[in-house]
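2 protein chains.
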Amino acid sequence: MEAASEGESRAIAFGEEQEALVVRSWNAMRKDAADIALKFFLRVFEIAPSAARLFSFLRDSNVPVDKNPKLKSHAMSVFTMVCESATQLRKKGKVSVRETTSKKLAGTHLKAGVIDEHFEVVRFALLDTIKHAVPAMWCPEMSAAWGEAYDHLAAALKEEMRLLSSSS
Amino acid sequence: MEAASEGESRAIAFGEEQEALVVRSWNAMRKDAADIALKFFLRVFEIAPSAARLFSFLRDSNVPVDKNPKLKSHAMSVFTMVCESATQLRKKGKVSVRETTSKKLAGTHLKAGVIDEHFEVVRFALLDTIKHAVPAMWCPEMSAAWGEAYDHLAAALKEEMRLLSSSS
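These protein sequences, in sequence, are chains Z and H.
Under full-length UniProt numbering, think of the first position of the first sequence as 1, with each following residue one higher.
Under full-length UniProt numbering, think of the first position of the second sequence as 1, with each following residue one higher.
If you are wondering where the hints come from, they were derived from the structure by calculation, not from laboratory data.
Don't take each hint at face value.
If chains are identical, the list can't say which one is meant, so a pair holds when it fits in one copy or spans any two.
Stated by the list, open to error - With a cut-off of at most 35 Å between alpha-carbon atoms, the simulated DSBU-like pairs for lysine-lysine come out as follows:
1) Lys31 x Lys131
2) Lys92 x Lys67
3) Lys39 x Lys91
4) Lys72 x Lys158
5) Lys31 x Lys103
6) Lys104 x Lys70
7) Lys104 x Lys91
8) Lys158 x Lys70
9) Lys92 x Lys72
10) Lys67 x Lys31
11) Lys39 x Lys131
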């Protein structure tokens, strides 16, 4: 899958510095990544409680949200994919997700009823969580680098969702 | 207009203490209320940038968002209405908006394309803004009181939107 419309319409100036900002903060968070990822999604639900209803594994579970293993796993996937997107952007100037993965992800997100507003809240929650996880290294440039990596990943997923939606 | 479904489905225990928490913080913010209200909506757009596109007076304007007089005025209306809702809840156990006002508000919000997710982001931004405006007096009870006042106001508006939408 190629980087999608929203990503491609803007100039991509994602160089070694931008990648380094993401990777440096990622390395600082790595040992607590699972906890931070979980905080990230709890932050999403704090801002938009109804977003929790999009997750079948939360709807169908009696386990408290913050103990749900599938939420932890989903949160870690998003967190690591954004980090990996930074490296892809620096290397190739675009975000690619393996075709099988991207189609599956697009299908799941479409079926769940994910809309643009959700991508926005997730973006805000991601940056806000990282800011609180590594306050000493947080700076506007780091925020911009993570934001850019997220935007390209989100654009790629949204484009795949659009294709899937128009083909069905 | 009567308090609406979402509000009525929960027990309303909004007494003098709850009202006092809202009014006390409101009084502390009063002299800067216009600035705080503006921050509140800038926070909404920080979390959900696309929400800015719902406002015709932002779409059609060349003035920077934070200088837009109509945004300031809208933000102040929401802020004061939530505060007034607290007093109504304590006095009458429900939120009432004058009929002409509520119909007009419902029409504007429906036409703009406001959805439940927007109400959630606005709620989060409201509480977060007040928390930062009066950090010394902020506490879980104050958060709950403002949240409750907001929820009842939002439920009243959403119910009016539902009625308007089903009648057209």
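So, going through the hints one by one against the coordinates:
no. : hint           : in the structure
1   : Lys31 x Lys131 : both (16 Å within a copy, 31 Å between copies)
2   : Lys92 x Lys67  : neither (37 Å within a copy, 40 Å between copies)
3   : Lys39 x Lys91  : within (30 Å within a copy, 39 Å between copies)
4   : Lys72 x Lys158 : both (22 Å within a copy, 33 Å between copies)
5   : Lys31 x Lys103 : within (30 Å within a copy, 53 Å between copies)
6   : Lys104 x Lys70 : within (16 Å within a copy, 44 Å between copies)
7   : Lys104 x Lys91 : within (25 Å within a copy, 53 Å between copies)
8   : Lys158 x Lys70 : both (22 Å within a copy, 33 Å between copies)
9   : Lys92 x Lys72  : within (30 Å within a copy, 43 Å between copies)
10  : Lys67 x Lys31  : within (19 Å within a copy, 44 Å between copies)
11  : Lys39 x Lys131 : both (12 Å within a copy, 20 Å between copies)
The structure shown violates just one earlier hint, number 2.
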